[in-house]
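Trainee: Sequence:
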Amino acid sequence: MNDQTVTTVSLTEAEERDLKWLREVYQGDHQRQLTLRAVLTGGLLGMFLS
Numbered sequence: 001m002n003d004q005t006v007t008t009v010s011l012t013e014a015e016e017r018d019l020k021w022l023r024e025v026y027q028g029d030h031q032r033q034l035t036l037r038a039v040l041t042g043g044l045l046g047m048f049l050s
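Sequential numbering from 1 applies to the sequence shown in the numbering used here.
Source of the hints: derived by calculation from the structure; they are not laboratory data. Quick reminder that beta carbons are idealized off the backbone N, C-alpha and C, glycines included. Don't take each hint at face value.
Quick list of simulated restraints, FRET-style, between CB atoms [stated by the list, open to error]:
1. M47 / W21: 27 to 37 Å
2. L44 / R23: 29 to 39 Å
3. T12 / L34: 29 to 39 Å
4. G46 / Q4: 52 to 62 Å
5. S10 / T35: 37 to 47 Å
6. L11 / L44: 54 to 64 Å
7. T5 / G43: 56 to 66 Å
8. L49 / E13: 33 to 43 Å
Just need the whole structure built from these sequences, with the hints factored in.
Mentor: Shown next as structure tokens:
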């Protein structure tokens, strides 16, 4: 029988912060993407930059 060892890897502080942000802050698909504010801002930026 072949013995296999399992090694654990501890997360760095940056990875822990990223995971906390992902769990507690990021809202992903739960927020609307196409809002009046987004359309108006995009239109104004488009007119300004063209």
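Trainee: Out of the numbered hints, which ones does the structure contradict?
Mentor: The structure conflicts with hint 6 only, although it agrees with all the remaining ones.
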